[in-house]
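Asker: Chain by chain, the residues run as shown.
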Amino acid sequence: MGHVRFAQYRTGEPYIVMDDVSYRYPGAKCYALEGLNLTISKGEFVAILGEHGTGKSTFCQLLNGVIPNFQGGQMEGSVIVAGLNTQEVSVAELAQKVGIVLQDPEAQLFTTKVISEVAFGPENLCIEADEILERVRWALQVVRLTGFEERSPTSLSGGQKQRLAIAAALAMRPEVLVLDEATSQLDPVGTSEVLSVVRKLNQEYDVTIFMATHKSEEVAQFADRVLILHQGRLIAQGTPQEVFEREGLLRRAGIRPPQVSQLAIYLKERSLHLSEFPITTEQARRGIEQLLNSLPDMWRETRFFCRPNQASDCSLDVLECQTTLYQAKNLVSDIKVENLTYIYQPYGVVALEDVSFEVGKGEFVAIIGQNGAGKTTLLKNIVGLLKPTRGRMLVEGFDTRQTTVAELSRRVGLILQNPDQQLFSQTVEEEIAFGPRNLNLPDPEVVRRVEEAIAMLGLERFRQEFPLALAIGDRVRVVIASVLAMEPHIILLDEPTMGQDYRGHHQIMGIAKRLHQEGHTIVIATHHVDLVAEYAQRVIVLRKGKILLDDTPAAVFSQPEVLLRTHVAPPQITQLAQALPAYLGLPRNVLTVVELGEAVIGKLVNSVHHN
Amino acid sequence: MDSPVEYYPGRSLFHRLDPRAKIIFLLLFTIVIFVTQHIHVAVAVLLTVIALWCIARLPLRTMGSHLKMWGGLIAFLFVVQVVLRPGEVILINPLIPPSVPLIGGKGNITGEGVLFAFLIVARLLAIIPILPLVSMTTPIHLLTLGFVRLGLPYQLAYTITTALNLIPTLQAEARLITDAQKLRAFRTFEKGGPIAKLKAYPLLVTPLVIGAMRRGQLTAVAMESRGFGAKGKRTYIEDIAMKPRDWAFIALVALYCLAALLMNFLS
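Which chain is which? The protein sequence lines are A and B, in order. Straight run, no breaks: the first sequence in the working numbering ends on number 611. Straight run, no breaks: the second sequence in the working numbering ends on number 267.
Simulated from the structure, these hints should not be mistaken for lab results. Backbone N, C-alpha and C define an ideal beta-carbon position, used for all residues, glycine too. Mixed in with the good hints there might be a few duds.
[Unchecked claim] Away from chain B, derived, C-beta distances all over 10 Å, residues of chain A:
#: 1; residue: 19
#: 2; residue: 44
#: 3; residue: 66
#: 4; residue: 147
#: 5; residue: 197
#: 6; residue: 233
#: 7; residue: 289
#: 8; residue: 503
#: 9; residue: 544
[Claimed, not checked] Under 7 Å between C-beta atoms, here's a sample of chain A residues computed to sit facing chain B:
#: 10; residue: 120
#: 11; residue: 121
#: 12; residue: 129
#: 13; residue: 132
#: 14; residue: 237
#: 15; residue: 385
#: 16; residue: 420
#: 17; residue: 422
#: 18; residue: 438
#: 19; residue: 439
#: 20; residue: 518
Using the sequences plus the hints, can you model the full thing?
Answerer: As structure tokens, this is what we get:
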């Protein structure tokens, strides 16, 4: 594999040029971005990766002149977009060149009709009404929302809202489209829907794309060039292949490479090299097939790569774990759902329909399914915020219809999606004490619980801080601590990883795992199938308010066709295992990178023995 | 969720009126209510607004929830007026004997007080549904356009209508916050006394305001990115045109208000 730098980019005139750009937000001491030098050609598809708070959004807003023209602050250097210096023209003028789509769909849809949403931009630009209508028609067609003209944006699904936001940007006929984590709230199918639209714009209309994201699988699939930002600096750039191979760099920047790349790195660390460094499932499939087929030669060439006994032992371990996991069902049940139907009034939307299941004490259950499948409704029914329209919900034997939310909160805690709606107090200590005080516990007991929760989540530094002013990851931890201080036995988490980066994901899942090991029952709703595969013992798959599957992760992810019906795909590593030809004899229901890596090694070891 | 000000789609006559006609109706009726000292006028306006509400086929439940929301304030004002208005005493305050210093002998119920209290209540009841009557029957972008065509600058018109739009957003947000509070066994907003509730409001307002500011900043960026505030004469894909029925409606409203004011000043 070659390391020819930048040679693969599309060639052409410099189209976007950043010359030694540094920027500070008004009142900030530190630079949000520092010393940025970059040249991009027209029609490139550029992905921007980096941790939370590392300058991705700042970068995006530099491109359309919102920084510095609207945000203020102090900017050095210059940004030239399509021949225009962003500091010399107004944001409105640049808006015709650069469209931007933000993460939060609600914040960027401000009209009451789809058609007026899309027309909003061109109307501001004083374009003739006929021309606008033509553009609206085109933009809605590109994002496949034709026929939705008269609908209210609030009535659309998450994926549709994001596509509408893209259409609204497209109607300005931009030459550059900037997506600032525009797919982060979408289910996998919603994400690929949006990205296929973006790719079409890129290929058919030569629109230059900038995409800030955490989804490296998609980056690998679509991007020409990847920029890696770390602490306000551009620390690396290259093709996805070049970047995802640089494991040390990625670790420093807090970026997770695609699972198939992780596999290649795992094997490389054990001196097993794939002929081509894979970033897509297809490349990995080819590479592994080749590796296993070329086995005898390779064995002669390379040195001893793994102690055979140990290797087969660990792969055995993994298998054993998988078979013993799903047994909790026959224990005492913590949550018992009986023919639960929930209907939202006044429009009569059926969110859950005749759902029945039980969760045993000490289980770790994940709930997955498309946007709007009923995950949040289910969790809110468990804690009693919503009461069943029909059927029954029993929590530790208590019927939620006859028990108050406050009473249930001693037994079951729910961490909701958005931390900002769950923090009300002036200091972190007060925040955590809020629940126990409401339970009228004696002071020493309140103090004990606060101290325990602070210690458990490592919040010692923040005791006296204002919770809402903390960084997103810390805010989520304060919310979790506040719920833990209620000392509920059952803990529910609703998309707790939303809006967070790779490190944030694992931090939260690590906490969930620890709580589980301490005996808590955990139920978590999420779109992150890789986390589900790694942490959960049982997966409940919802589709349009009904249970589609309810089984172990291995069993659930072995049915990709069924999952697709609710817009979910198995983790990439599982997809790879399923794509590998059967004659190789590798397990198909693999859940983690390590599992497949060990299986491959085990295979090699075995055949070495036989030879 | 049913929001008390958000657009409620419909094809009623009132829905189809030109936004300008409805804005003029809103202004004139509001003026009448503010000016009138006459209980008959206030009651007549109240009945007219209710009639229009029915003509527009808006859900009565929404009107009910409005009144419920303001019910506490209305009751409070009623009591204050009844006991504080000087005049001919019709009922001596039975709670405080006259011998008590300072407040003794105060708080007697007067005939004027009762009448005036009813007037206040009728005025409040009439004024509360006027704004929702207009905002629920007019899509927000047309309402903006109505203000623009009446001569307001676009930015100002947009700000007014967006403020209206903010109410349902904040309501939804407030609901999520109180849900999170219930999950931590907080029950004051459900069953606490009025003073406890008042004390608890910072717990709701803090996250609400900070959340609104965070989202507002994003919205501002999104709007700016879509050319909001660009120079030149803004275009509109949907135009509005005054029809004879709109002129007739305005004439009717104007006559009605004139009559109401005359009655007020003459009597």
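Asker: Which of the numbered hints above does this structure break?
Answerer: 3, 14 and 20
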